[in-house]
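Chemist: Going down the list, the protein sequences come from chains A and B.
Taken in order, the first sequence gives residues 305 to 423; the numbers are from the working numbering.
Taken in order, the second sequence gives residues 608 to 1053; the numbers are from the working numbering.
Don't read these hints as lab results, they were simulated from the structure.
Heads up, some of the hints might be wrong.
As the list claims (entries may be wrong) - Here are the in silico distance ranges between beta carbons for each label pair:
#1 A:ALA344 to B:ALA939: 49 to 59 Å
#2 A:TRP326 to B:VAL1034: 48 to 58 Å
#3 B:ILE660 to A:ASP340: 56 to 66 Å
#4 B:ARG1023 to A:TRP326: 35 to 45 Å
#5 A:TRP326 to B:LYS936: 19 to 29 Å
#6 A:GLY349 to B:ALA876: 40 to 50 Å
#7 B:GLU972 to A:GLY323: 20 to 30 Å
#8 A:SER355 to B:ASN635: 39 to 49 Å
#9 A:GLY349 to B:GLU626: 54 to 64 Å
#10 B:VAL1034 to A:GLY323: 30 to 40 Å
#11 A:ALA344 to B:ALA888: 43 to 53 Å
#12 B:ALA939 to A:VAL342: 39 to 49 Å
#13 B:LYS1013 to A:VAL338: 45 to 55 Å
Keep in mind that this is a model prediction, so the values were computed, not measured.
Glycine included, every Cβ here is placed at the ideal spot set by N, Cα and C.
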Amino acid sequence: MNTLQKTILSSVAICLTIGYLWYGNRTITANKAVWDNVRAEAIKGGYRLISTEKLWQQYEADPATLLLVDTRQEWEYRTGHIQGAINFPIEPTWLSRWRKKGELAAVLGPDRNRLIVFY
Amino acid sequence: MAVKLGYTNVYRDPLGYPEWHARGLPVNSAPAGLADMAPAAQKAGPLNGWAMIWTLLGIFAGGIALNLTPCVYPLIPITVSYFGGKSGSDQGRLYLHCACYIGGLAVTNSILGVTAALTGGLMGAMLQNPVVLSSIAVILILLATSLFGFWELRLPYWLNRAASRSYSGYFGSLFMGITLGLVAAPCIGPFVLGLLTWVAGMGSPWLGFLIFLTLSLGLGLPLFVLAIFTGKLDKLPRSGEWMIWIRKLMGWVLVGMAAYFIRPLLPSAIGIFLMAAVFLAAGLHLGWIDLTTAGFRAFAWLKSSVGIAGVVMAVYLIGSFVIQGPGVKWQAYSDDSLPGAVRSGKPAIIDFSAAWCTPCRELDEITFHDSEVVKQAAREFVMIKVDLTRRGNPAAERLLSKFEVKGVPTVVFLNRKGQERRDLRVVDYLPPDQFLVRMAEIRKGG
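With the rest of the complex left out, here is chain A:
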C-alpha cells in the first residue's frame, strides 16, 4: 500500500468515526407522536392499540386477566405507574430490544393468549 492509498483510507476511516459519533450523540427531538405514526407502527409491529377508557373498562372488570407492562425506565416507573403494572425497561433501540428478547418471554409467562398491554 503506498502513502496516497493509506492517506485516503485513513481519511475515509476518520469520516466514518465522526459520522458514528454524530449519529450516536445527535439530540433526538422528541416529536409529539402523531396518531398516524403510532397506528403505522402498530401495524408494522403486528400489535393492536387500546385507549385509556377501554383499558380502564378491562381493568375495572377484572385486573387479574390483564398483564400491564411498563416499558419506561426504572426511575420513571418508581415515580409512578399504573397499579399492578410490572416494569420491563426497553430503550427504543434495536440493541436493547435484541438483548432483552429472551428475558421478555420469561416475564410474560407461558400463557400465549393472555391479554398483554404495553405502555
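Using the hints, position chain B against chain A.
Modeler: Frame of chain A, contents of chain B only:
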C-alpha cells in the same frame, strides 16, 4: 416484539401513564427504598465482564506479537528443531515437549505476575499519590525509549549464561521455557516490566496470575502451531528489519500506559488531549513516518492498519469530547450551602470527588453529562460539589466528618429537610439510569 414470541393478545396504550394518572385512575409508586431494585452491576474487582475478556484477549495478542521481536523470533526455528531432534518422528512426544516448554514459560511469568500483584496490594494506596504516578510514568517512558532503540537493556552476563545452558529430557524443555523469559528479556523485558507495573497497580494476585498466564500462552502459541506443522517451518517470513517496527509498536504501547497513569493528575480536557496526542503520534509514526519495509505483503497491511487505527482513535477521543453536551451545574460547597438547600425546599445532592480518582471522573463524564440527569438536577435539586483534590479546606473537612465520608467518590443524597438517606449513598461509579432511580427516591420521600 411480544408478537414475534407468539403472544396473540398484545396491545399498546399509546397515551400510557400520564393520561391514566390525569384521569385519577389507580396508580402506585414503588415502595420506598432500594430493596426491590434491579440488581446493580456488582463490581467484583478492577476488571470484570467484557472488560476482563477484552483485556485478556489484548494481552494474549500482545504475547503473540512478542514472538516477532528480534530476540525471540530467531529462537523459534531453533526451539522447534530442538524439540524435533529430541522426539524423533514421534508426534505425541513432540507435543509433550511443547507443552512442557509453554508450562515453563507460564511458571516464570505467573510467579512474576503474582509477586507484582501481592506487593502491589501494599502499593495500592500509594498509586493515588501524584509522585508515585509520575515516577511510574517516567519509568514506562524510559522503557519505551529502549524499545524505540535509543539504548539497550542488557542482562548480567552470568544470568545469560545460566539461562542458555542446555538440559535434557522433558525437564529440559520445561527449563528452556522457564529461562526463555530471561534470554528474551532485552526485547520483551520492557513490555513485561510495563505490564508488571500495571498489574501491581491493580493489586489483585489472581488477576496478576491470569494476566501473565495469558501472556505466556500467547507467547507460546506460535511455537505450538509450528511444532504441529514442523514441515512448514521454511514458510515463515525471514527475520529482518520489520522486527524493529514491532519493537517500536511495543514502545508506543508503553507510552500509552504512561499517559494512562498520569491522566488522573491532569485536568480532564488536557488528559483527553494527551491520550489523543499519543494515539495520533503512534499512528503517524508507525503507519507513515517509519519507513520499515519487509519482503512480505501482510506487513504492509499490518503497518497501515495500525497507523490508521491510531489516527482514528485520536479522532474518536477528541470527537467524543467536543460532542459531549452540557454537564450538571454544580455550586461549590460553602457553610451556607446546606441551610440554603433546606430553605429552597429542594433535595440536595453532594458529590465528594477529587481530580485523581478514576470513578469520580467516570461519574462526571458519563452520569453527570446524561441529558435526563442534567435536566432533573437543574429543575429539582441543589447540586453541591466538594472538591477534595487538595485537602485542608476547614469547611470541607467539617462536612467530611459530619457525613463520615471515607473516600472518593461519595455522593450523598439529602431530602428536603436536609437529612441524609444513607441507603442511597453512592461510593463508586453508577450509570445514569441507576442514578436517576436514586434521584426519584429522594425526591419522593420527605
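Chemist: Confirm or reject each hint.
Modeler: Results for each hint:
ALA344 (chain A) and ALA939 (chain B) have their C-beta atoms about 51 Å apart, which keeps the hinted 49 to 59 Å range intact. Remark: the range hint 48 to 58 Å for TRP326 (chain A) to VAL1034 (chain B) is contradicted by a beta-carbon distance near 35 Å. Remark: the range hint 56 to 66 Å for ILE660 (chain B) to ASP340 (chain A) is contradicted by a beta-carbon distance near 46 Å. Separated by about 40 Å at the C-beta atoms, ARG1023 (chain B) and TRP326 (chain A) satisfy the suggested range of 35 to 45 Å.
Look at TRP326 (chain A) against LYS936 (chain B): about 25 Å separates their beta carbons, and that is inside 19 to 29 Å. Between GLY349 (chain A) and ALA876 (chain B) the beta carbon distance is about 44 Å. The supplied range of 40 to 50 Å therefore holds. Take GLU972 (chain B) and GLY323 (chain A): their Cβ atoms lie about 22 Å apart, and the range 20 to 30 Å holds. A C-beta distance of roughly 21 Å is found between SER355 (chain A) and ASN635 (chain B), which places it outside the suggested range of 39 to 49 Å.
Judged by the Cβ atoms, the range 54 to 64 Å given for GLY349 (chain A) and GLU626 (chain B) is violated: they are separated by roughly 21 Å. Checked against the hint of 30 to 40 Å, the C-beta distance between VAL1034 (chain B) and GLY323 (chain A) comes to roughly 38 Å, which is consistent with it. ALA344 (chain A) and ALA888 (chain B) have their C-beta atoms about 51 Å apart, which keeps the hinted 43 to 53 Å range intact. A beta carbon spacing of about 46 Å between ALA939 (chain B) and VAL342 (chain A) agrees with the range 39 to 49 Å that was offered as a hint.
For the pair LYS1013 (chain B) and VAL338 (chain A), the beta carbons lie near 52 Å from each other, so the given range of 45 to 55 Å is met.
Against the hints set out earlier in the document, violations occur for numbers 2, 3, 8 and 9.
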